[in-house]
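Asks: Sequence:
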Amino acid sequence: MLITDPVADFLTRIRNAQQREKADLQVPATKMLVSIAEILKAEGFIVDFRIVEAEPQKVLEVDLKYVNGVPAIRELKRISKPGIRRYIGYRDIPRVMKGLGVAIMSTPLGVMTGKQARQSKVGGEFICMVY
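Here the sequence shown is numbered in full-length UniProt numbering, starting from 1 and rising by one per residue.
Please keep in mind that the hints were generated in silico from the structure rather than gathered at the bench.
If you're wondering where the values come from, they're calculated on a predicted model, not measured in any experiment.
Beta carbons are placed, not taken as given, at the ideal position from N, Cα and C, and that holds for glycine.
Any given hint might turn out to be false.
Restraint-style ranges between C-beta atoms, simulated for each label pair [as the list claims (entries may be wrong)]:
| # | residue 1 | residue 2 | range |
| --- | --- | --- | --- |
| 1 | Tyr90 | Asp24 | 33 to 41 Å |
| 2 | Gly83 | Glu55 | 30 to 38 Å |
| 3 | Thr4 | Lys121 | 27 to 35 Å |
| 4 | Asp63 | Gly99 | 22 to 30 Å |
| 5 | Val47 | Thr107 | 23 to 31 Å |
| 6 | Glu55 | Lys121 | 39 to 47 Å |
The whole structure should be built from the sequences, with the hints applied where relevant.
Replies: Printed below as a string of structure tokens:
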């Protein structure tokens with residue numbers, strides 16, 4: 001199955017799985033999605049993730065996090081889209097929910113949080129916001 005925007009598909013699958021109170025979800029694995037999953041785990045938005053060898057493509061399994069039955073992720077918002085890419089400098093990276101959320105950036109140094117990008121003084125593509 002051809003997916004035009006794998007990142008938007010990943011965020012939508014997380015959103016839908018949490019609405020249905022699923023414990024985990026599976027998406028086709030890409031380097032970008034694995035990097036985003038690493039950030040979500042480090043920031044405490046998901047429990048864990050793993051890459052499963054499958055045919056014809058590897059699969060990324062994500063264990064979702066709930067706190068007292070409430071999803072840890074309140075909102076996922078895709079910012080830069082295939083039709084309208086959004087690039088910002090490190091001075092323009094927003095603080096999401098006054099620091100409670102995270103901005104995910106794709107920079108020349110790799111995929112990182114907005115806070116890491118500000119500290120490294122590097123801008124890039126503003127992929128999404130999670131809070």
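Asks: Take a look at whether the Cβ-Cβ distance between Tyr90 and Asp24 falls inside 33 to 41 Å.
Replies: At roughly 35 Å between Cβ atoms, Asp24 and Tyr90 fall inside 33 to 41 Å, so the hint holds.
Asks: Okay, Asp63 versus Gly99 on CB: inside 22 to 30 Å?
Replies: 25 Å, holds
Asks: Taking the Cβ atom of Val47 and the Cβ atom of Thr107, is their distance within the range 23 to 31 Å?
Replies: 26 Å, holds
Asks: Does the hinted range 27 to 35 Å hold for Thr4 and Lys121 at CB?
Replies: The hinted range 27 to 35 Å holds for Thr4 and Lys121, with Cβ atoms some 33 Å apart.
Asks: Can you let me know if the beta-carbon spacing of Glu55 and Lys121 is within 39 to 47 Å?
Replies: 43 Å, holds
Asks: Return holds or violated for the Cβ distance of Gly83 and Glu55 against the range 30 to 38 Å.
Replies: 32 Å, holds
Against the hints set out earlier in the document, no violation occurs for any number.
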